[in-house]
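Count along the first sequence from 1, then add 1; that gives the number in my numbering.
For the record, the hints were derived by calculation from the structure and aren't laboratory data. Being a predicted model, the structure only gives us computed values, none of them experimental. The beta-carbon is built from N, C-alpha and C at its ideal position, and this holds for glycine as well. Treat the hints with care, since some could be wrong.
Below 30 Å or equal to it, Euclidean Cα-Cα: the simulated DSS-like pairs (lysine-lysine) are [unchecked claim]:
1) K17 <-> K153
2) K187 <-> K152
3) K619 <-> K604
4) K604 <-> K614
5) K153 <-> K227
6) K415 <-> K227
7) K35 <-> K114
Label pairs and their in silico Cβ distance ranges [unchecked claim]:
8) R147 <-> P236: 33 to 39 Å
9) D382 <-> A280: 48 to 54 Å
10) Q347 <-> R423: 39 to 45 Å
11) E631 <-> Q481: 44 to 50 Å
12) S228 <-> D565: 32 to 38 Å
13) S46 <-> P611: 33 to 39 Å
14) K355 <-> K654: 45 to 51 Å
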Amino acid sequence: MEERYRPKDIEEKWQKIWDEENSFRVAEAAGNPKYYVLEMFPYPSGRIHMGHVRNYSIGDVVARYKRMRGHNVLHPMGWDAFGLPAENAAIERGIHPEKWTQENIRYMKTQLKRMGLSYDWEREVATCEAEYYRWNQWIFLRFFERGLAYKKRSSVNWCPSCETVLANEQVIEGACWRCDAAVMQKELEQWFFRITDYAEELLGDLERLGGWPEKVVTMQRNWIGKSIGAEIRFPLPERNESLTVFTTRQDTVFGATFISIAAEHPLALELCRGTQQEAAVIDFVERVRRTSQSQRGADEGEKEGVFTGAYCRNPFTAENIPIYVANFVLMEYGTGAVMAVPAHDQRDFEFACKYGLPVRVVIQPRDRVLLAEEMTEAYVDDGVMVDSGQFSGLANSEGKEKIATYLEEKGWGKGAVRYRLRDWGVSRQRYWGTPIPIIYCDNCGIVPVPYDQLPVALPKDVPFTGKGRSPLGDSKSFAQVACPRCQQSARRESDTMDTFVDSSWYFLRFTSSRYDGAPFDPEKAGYWMAVDQYIGGVEHAVLHLLYARFFTKALRDLGLAKVDEPFANLLTQGMVSKETYRCSEHGWLFPSELAGSEKDGWKCPQCNRPVEKGRVEKMSKSKNNIVDPEDLVNAYGADTARLFTLFAAPPEKDLEWSDQGVEGGFRFLSRLWRFVHQHSEALAGARIDLQSGETGGELRELRRMIHRTIKKVTEDIDGRFHFNTAIAAIMELFNAVSGVAQHARLTRDGAALVKAGVETIVILLAPFVPHIASELWEHLGYQDRLDRVPWPSYAPEALEQEELLIVVQVNGKVRGKITVPADVTQERIERAALADERVSAFLGEKKIQRLVHVPRRLLNIVVEG
RNA sequence: GCCCGGAUGGUGGAAUUGGUAGACACACGGGACUUAAAAUCCCGAGGACCCGGAAGGGUCCGUGCCGGUUCGAGUCCGGCUCCGGGCACCA
Numbered sequence: 002m003e004e005r006y007r008p009k010d011i012e013e014k015w016q017k018i019w020d021e022e023n024s025f026r027v028a029e030a031a032g033n034p035k036y037y038v039l040e041m042f043p044y045p046s047g048r049i050h051m052g053h054v055r056n057y058s059i060g061d062v063v064a065r066y067k068r069m070r071g072h073n074v075l076h077p078m079g080w081d082a083f084g085l086p087a088e089n090a091a092i093e094r095g096i097h098p099e100k101w102t103q104e105n106i107r108y109m110k111t112q113l114k115r116m117g118l119s120y121d122w123e124r125e126v127a128t129c130e131a132e133y134y135r136w137n138q139w140i141f142l143r144f145f146e147r148g149l150a151y152k153k154r155s156s157v158n159w160c161p162s163c164e165t166v167l168a169n170e171q172v173i174e175g176a177c178w179r180c181d182a183a184v185m186q187k188e189l190e191q192w193f194f195r196i197t198d199y200a201e202e203l204l205g206d207l208e209r210l211g212g213w214p215e216k217v218v219t220m221q222r223n224w225i226g227k228s229i230g231a232e233i234r235f236p237l238p239e240r241n242e243s244l245t246v247f248t249t250r251q252d253t254v255f256g257a258t259f260i261s262i263a264a265e266h267p268l269a270l271e272l273c274r275g276t277q278q279e280a281a282v283i284d285f286v287e288r289v290r291r292t293s294q295s296q297r298g299a300d301e302g303e304k305e306g307v308f309t310g311a312y313c314r315n316p317f318t319a320e321n322i323p324i325y326v327a328n329f330v331l332m333e334y335g336t337g338a339v340m341a342v343p344a345h346d347q348r349d350f351e352f353a354c355k356y357g358l359p360v361r362v363v364i365q366p367r368d369r370v371l372l373a374e375e376m377t378e379a380y381v382d383d384g385v386m387v388d389s390g391q392f393s394g395l396a397n398s399e400g401k402e403k404i405a406t407y408l409e410e411k412g413w414g415k416g417a418v419r420y421r422l423r424d425w426g427v428s429r430q431r432y433w434g435t436p437i438p439i440i441y442c443d444n445c446g447i448v449p450v451p452y453d454q455l456p457v458a459l460p461k462d463v464p465f466t467g468k469g470r471s472p473l474g475d476s477k478s479f480a481q482v483a484c485p486r487c488q489q490s491a492r493r494e495s496d497t498m499d500t501f502v503d504s505s506w507y508f509l510r511f512t513s514s515r516y517d518g519a520p521f522d523p524e525k526a527g528y529w530m531a532v533d534q535y536i537g538g539v540e541h542a543v544l545h546l547l548y549a550r551f552f553t554k555a556l557r558d559l560g561l562a563k564v565d566e567p568f569a570n571l572l573t574q575g576m577v578s579k580e581t582y583r584c585s586e587h588g589w590l591f592p593s594e595l596a597g598s599e600k601d602g603w604k605c606p607q608c609n610r611p612v613e614k615g616r617v618e619k620m621s622k623s624k625n626n627i628v629d630p631e632d633l634v635n636a637y638g639a640d641t642a643r644l645f646t647l648f649a650a651p652p653e654k655d656l657e658w659s660d661q662g663v664e665g666g667f668r669f670l671s672r673l674w675r676f677v678h679q680h681s682e683a684l685a686g687a688r689i690d691l692q693s694g695e696t697g698g699e700l701r702e703l704r705r706m707i708h709r710t711i712k713k714v715t716e717d718i719d720g721r722f723h724f725n726t727a728i729a730a731i732m733e734l735f736n737a738v739s740g741v742a743q744h745a746r747l748t749r750d751g752a753a754l755v756k757a758g759v760e761t762i763v764i765l766l767a768p769f770v771p772h773i774a775s776e777l778w779e780h781l782g783y784q785d786r787l788d789r790v791p792w793p794s795y796a797p798e799a800l801e802q803e804e805l806l807i808v809v810q811v812n813g814k815v816r817g818k819i820t821v822p823a824d825v826t827q828e829r830i831e832r833a834a835l836a837d838e839r840v841s842a843f844l845g846e847k848k849i850q851r852l853v854h855v856p857r858r859l860l861n862i863v864v865e866g
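Could you put together the complete structure from these sequences and hints?
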């Protein structure tokens with residue numbers, strides 16, 4: 002009786018069992034080694050997408066595999082539940098963000114469960130719950146005590162129409178993403194985390210992240226952007242002060258012919274006061290400041306500036322040089338002032354050309370002579386210092402160090418290190434986030450909320466207009482508060498925290514999700530941390546992954562965490578993409594809605610015009626090439642969805658969606674299903690000791706293949722994550738097993754071996770397609786759950802071949818293949834090779850010069866000519 | 001501009017330390033089953049050319065391009081082209 006593979010039934014059955022038996026609950030345990038595998042938790046947007054399916058399938062393979070290898074596996078899941086989309090839903094549709102978020106979580110959780118992912122759901126957290134975000138506040142207060150959280154004025158993107166701060170990502174070509182108004186820069190009081198205190202450690206420890214992709218490490222290194230140079234003070238003659246610049250090229254200081262300062266530099270407006278330049282400077286500064294950061298980057302190239310009317314003295318040349326305000330100097334980096342060396346810096350060169358400022362060569366290349374008048378671009382490479390006083394004649398690299406030392410001796414400045422990394426601004430003028438636990442009192446100033454008053458709960462009764470400041474300020478019950486110190490009426494901070502704060506330590510919370518004495522139980526975190534394998538999209542390469550590293554180190558310094566780095570190994574999975582089709586009239590079309598045919602060309606269903614086959618692009622609404630995981634699971638089942646995403650490409654590469662590929666995965670599972678059911682009776686009684694069973698001929702080869710497959714699949718999963726080749730190997734084994742079962746008349750030994758093969762296939766498939774594997778395991782007559790079956794081992798001696806295939810080459814080209822007994826001597830192989838008809842035909846009368854013998858593989862006969 | 005990746009059949013991809021290039025799968029073609037179709041099963045297949053009546057057999061070429069190292073290169077080295085991603089006035 003043939004039974005059809007019906008994924009729906011068996012998947013529901015097993016999901017129910019895992020749920021009811023709490024199969025993946027885990028606790029600290031002595032004995033077995035711990036293993037913490039974590040996938041980046043999702044934002045509860047409403048529905049899971051293919052990226053989630055891929056991410057979580059990869060993680061689940063690792064988790065299930067490690068469990069079968071006897072590890073004590075922590076595999077948790079939660080929700081990154083604060084954020085803007087919830088607030089937009091409130092503004093647009095009048096649903097409260099909390100309701101919207103909780104509904105999404107509920108729905109997505111059922112979707113995840115339908116994927117058969119082996120999570121310990123008892124550890125689930127949602128960052129929007131007070132039980133979670135109170136610890137954000139707790140951490141904030143600890144940071145505040147240590148000076149790691151502080152408040153300062155800073156420049157932010159501001160939309161004058163929406164009256165709100167915008168993140169850099171929400172500024173699209175200089176305009177507000179929502180109302181299209183021109184975004185401007187505005188000074189605001191904001192809270193910051195002093196991540197720059199950890200710049201050196203964050204940079205240095207990158208060396209230790211051998212389990213991270215090179216690419217991510219490089220991106221973080223660039224982001225931190227360490228520069229070694231010097232600070233030099235240029236005295237302002239008329240005043241009793243000086244202008245400090247930061248430079249990495251102190252070796253060129255004798256060539257500094259002017260100074261450029263940022264428009265935001267405090268001296269910009271001050272220096273010009275009372276000079277003829279005043280009006281021009283005010284005008285210029287205003288213009289630059291109106292331009293947002295992103296816009297300034299966009300029209301890079303056009304260097305502009307204006308003379309301030311003031312001069313300062315270059316201490317090395319004792320010359321007075323002019324001070325300019327320049328549009329390309331950033332206040333946020335260095336000191337907001339740079340010494341300009343037109344001969345040896347391209348920007349300064351362009352600026353000097355435009356405003357007729359002198360170019361003075363102080364570094365000469367070794368192979369030619371630079372003349373300032375003939376230069377068309379700056380010379381930025383190494384060379385010999387010239388016209389540099391006592392330093393002339395030195396190699397500039399040597400001069401760099403000498404000048405840094407000299408600066409300090411003379412008291413003109415000092416060697417200095419700067420980072421591109423800036424402190425992390427965490428204030429957000431939004432509702433749906435963690436309230437910053439700070440109170441402003443007219444008498445006492447900034448007062449932290451006492452720990453025993455945490456959490457500062459988000460009020461529920463606020464209006465969502467989408468305009469104005471944070472809605473929290475409009476909630477009287479929230480904003481008005483008695484000062485904890487003097488009891489006078491005071492005001493709460495109405496900003497909330499950046500949602501990246503939530504995700505900077507959630508992996509620690511998972512080690513003890515219900516702990517209520519601190520953000521996490523240090524002992525449990527001590528047991529589980531670090532995360533052994535972290536898996537997620539590369540889009541978080543800098544932000545989240547850097548913040549999480551910072552938090553781990555800061556929490557370590559607070560005595561909570563015991564590790565220096567949170568994620569020992571990182572896998573960044575590629576994105577899921579699909580081909581796109583586009584009608585010039587009706588936009589992007591989904592493949593299944595196309596008219597026409599592959600052969601005669603696809604047509605637009607509305608206007609019947611031929612459609613343009615677009616590129617393969619990341620699945621997105623705008624490209625109309627999204628495949629909904631739910632449809633996929635309904636049509637083929639979760640196992641097929643998992644199998645395809647794991648088989649179609651290695652995890653770190655992009656995955657091109659293919660409907661036929663999915664079909665193929667389903668066919669494989671159906672074939673396996675049918676095979677087991679058709680042969681179950683014949684195999685029922687058969688039993689063999691796979692480790693030592695003696696068989697001959699074809700069966701011996703099958704036995705070898707079983708062992709070889711175990712080895713291959715184990716090595717492919719463990720550390721390498723080549724799930725595609727692991728699955729391919731299992732498919733090969735299945736092809737071989739069904740071949741033997743079909744062709745040979747099964748002897749008792751044969752049946753036993755086929756059964757061993759099938760069982761191996763089922764066990765090896767368990768991490769990939771857990772439902773069907775569990776069901777077949779049960780069908781094969783086993784009572785114990787497949788999730789607890791130990792991963793099979795292979796016997797090295799079973800891999801031994803009694804015959805070897807040796808490739809025979811002549812001058813590096815394959816000319817023959819000979820089969821020899823495994824224990825044959827090299828000499829015999831050489832004799833056999835030379836005796837081979839084809840080989841000898843190629844050798845002819847030519848003299849053999851040498852023989853290159855690769856044991857067990859190959860013999861290359863090198864002849865003259 | 002700088003920094004990372006990548007390029008292999010019609011397609012996705014294999015080849016783990018330099019040793020039979022194209023595993024596995026998709027698509028395709030042929031066949032079996034069927035009144036028919038679907039499903040299923042079996043077989044074929046990198047390209048060009050050659051020998052043979054046929055089954056078969058053979059030669060050369062082939063991993064983006066040019067060159068190098070080596071007995072031997074998809075893999076290593078040098079130089080390019082194209083594609084993808086990140087950063088982008090960082091002094």
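Hints, verified against the model:
1. Annotation: proposed proximity of K17 to K153 is violated, straight-line Cα distance about 53 Å (limit 30 Å).
2. The hinted pair formed by K187 and K152 meets the criterion: a straight-line CA distance of about 16 Å does not exceed 30 Å.
3. Annotation: proposed proximity of K619 to K604 holds, straight-line Cα distance about 23 Å (limit 30 Å).
4. Taken as a hint, the K604 and K614 pair is honoured in the structure, with Cα atoms around 10 Å apart against an allowance of 30 Å.
5. About 23 Å separates the Cα atoms of K153 and K227, which keeps this hinted pair within 30 Å; it holds.
6. Taking the CA atoms of K415 and K227, the gap is near 17 Å; set against the 30 Å cutoff, the hint holds.
7. Straight-line distance between C-alpha atoms of K35 and K114 comes to about 24 Å, which keeps the hinted pair within the 30 Å bound.
8. Distance hint check for R147 and P236: the Cβ-Cβ separation is about 37 Å, which falls inside the suggested range of 33 to 39 Å.
9. Evaluation of the 48 to 54 Å hint for D382 and A280 yields a failure: the beta carbon distance comes to about 41 Å.
10. For Q347 and R423, the Cβ-Cβ distance of about 24 Å falls outside the hinted range of 39 to 45 Å, so the restraint is violated.
11. The given range of 44 to 50 Å is respected by E631 and Q481, whose C-beta atoms sit roughly 46 Å from each other.
12. The hinted range of 32 to 38 Å is not satisfied by S228 and D565, whose Cβ atoms lie roughly 24 Å apart.
13. Between S46 and P611 the Cβ separation comes to about 35 Å, which falls inside the hinted range of 33 to 39 Å.
14. At roughly 47 Å, the beta carbons of K355 and K654 sit within the given window of 45 to 51 Å.
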